[in-house]
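Asker: Sequence:
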Amino acid sequence: MMAPAAVALGFELRVLAEAPDVSAVAAVAQAPVGDYRDLDTLRAFARGVDVLTFDHEHVPNEHLLTLIAEGVNVQPRPAALINAQDKLVMRAAIERLGLPNPAWAAVASVAEITAFGDVHGWPVVLKMPRGGYDGKGVKILASEADAVAAADWFEAMSPLLVEEMVTFSRELSALVARTPGGEARAWPVAESIQVDGVCDEVIAPAPGIPAEVAEQAQAAALRIASELGVTGVMAAELFQTPGRAPGYLINELAMRPHNTGHWTMDGAVTSQFEQHLRAVLDLPLGATDALGAIVVMKNFLGGANQDLFSAYTAALASEPTVKVHNYGKSVRPGRKIGHVNVIGSKNDDVARVRARATTVANIIRDGHQLDGQ
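Be aware that the sequence shown starts at 1, since it is given in this note's numbering, and climbs by one per residue.
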């Protein structure tokens, strides 16, 4: 999704593809296939580029440090990226900055999990510090017995991260971008709706969010970006916590264009993808104002319909204002394969705009047709 923004700006985008059939291969002129975990592959790929950046956080930090020592311009830098790669490092950084964290601890045994639960209350949340996403690498432990049953997690990784089970009203996303020179901008705070640990829908700006919570969340995300030396786009995923000051807690960080920012592709003056390119190249950043009073992004996951294009006539006819973004991925149940954006006016009801976006996404996912088609 960064490719159209690069084309519009006249930049040549080169992608290191994990396999010859990934969607990025069709989107850019140069997409060599290789393993991002292999240093020699990274060296060859980075030869001649102006900047090396990422659409995920899994490239080994030690390889990035080697590339930097060899003169490659890596953005964001490994010292910042580690806070998105390792949740224990991130929790310590948030605590050091004095920003709102849930109660947490690094644990290396069942006894330490139990001690944490006894102090902070059950249930607790056990997380793999590295590699988890979309609900993977996360386990809810309701009791000491559950902690004992999770002992095999320590065989895969140790220490693990344990956190209190936060009571929250909804999830939020504070999306920002920052250049190496220090310029930074924030988009409106959005509401993120998760289903089975996967982002399902985003509403921007977050409906009914108290102004002071939105302002503090934006300020916190901007401060994190500044203090950690983030470059490019960063998403701070938050819990809104009414009745618990300051009204939000920081859940996770992502240092790349993020699913909760896909609404910006059609709903903001500058999309997160264009902004990321501007930021890592140290160019002036674009305005981040929303283009509508309500912007709804609705993901569509793999479902019954294997031929997505067959549903386009019905989907597009159902909502003339919709913007469809098909990722070109093969269809598998539960896999994110695209999203739609719908922009509402100040006279629109949030629920109605959400329903319009959901209708289109469901038609594409399920292959439903309008009557007579």
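Just so you know, the hints here were simulated from the structure itself, not pulled from any lab data. Keep in mind that a hint or two might mislead.
[Claimed, not checked] Per label pair, the in silico range of CB-to-CB distance:
1. T41 to A351: 47 to 53 Å
2. A245 to V119: 38 to 44 Å
3. V269 to D38: 28 to 34 Å
4. D50 to D118: 16 to 22 Å
5. T167 to A355: 27 to 33 Å
6. G328 to V166: 49 to 55 Å
Quick caveat: nothing in here was measured; it's all calculated off a predicted structure. No residue lacks a Cβ here, since even glycine has one placed at the ideal position from N, Cα and C.
Asker: Could you tell me whether the CB distance from A245 to V119 stays inside 38 to 44 Å?
Answerer: violated (21 Å)
Asker: Do V269 and D38 keep their Cβ atoms within the hinted range of 28 to 34 Å?
Answerer: violated (39 Å)
Asker: Starting from the range 47 to 53 Å, see whether the pair T41 and A351 falls in it by beta-carbon distance.
Answerer: With a Cβ separation near 48 Å, T41 and A351 satisfy 47 to 53 Å, so the hint holds.
Asker: Does the beta carbon distance between D50 and D118 stay inside 16 to 22 Å, or does it fall outside?
Answerer: With a Cβ separation near 53 Å, D50 and D118 fall outside 16 to 22 Å, so the hint is violated.
Asker: For the hint 49 to 55 Å, verify it against the beta carbon of G328 and that of V166.
Answerer: violated (36 Å)
Asker: Taking 27 to 33 Å as the stated bounds, is the beta-carbon spacing between T167 and A355 within them?
Answerer: Cβ of T167 to Cβ of A355: about 29 Å, so the range 27 to 33 Å holds.
Going down the numbered hints, you'll see the structure goes against 2, 3, 4 and 6, while the others check out.
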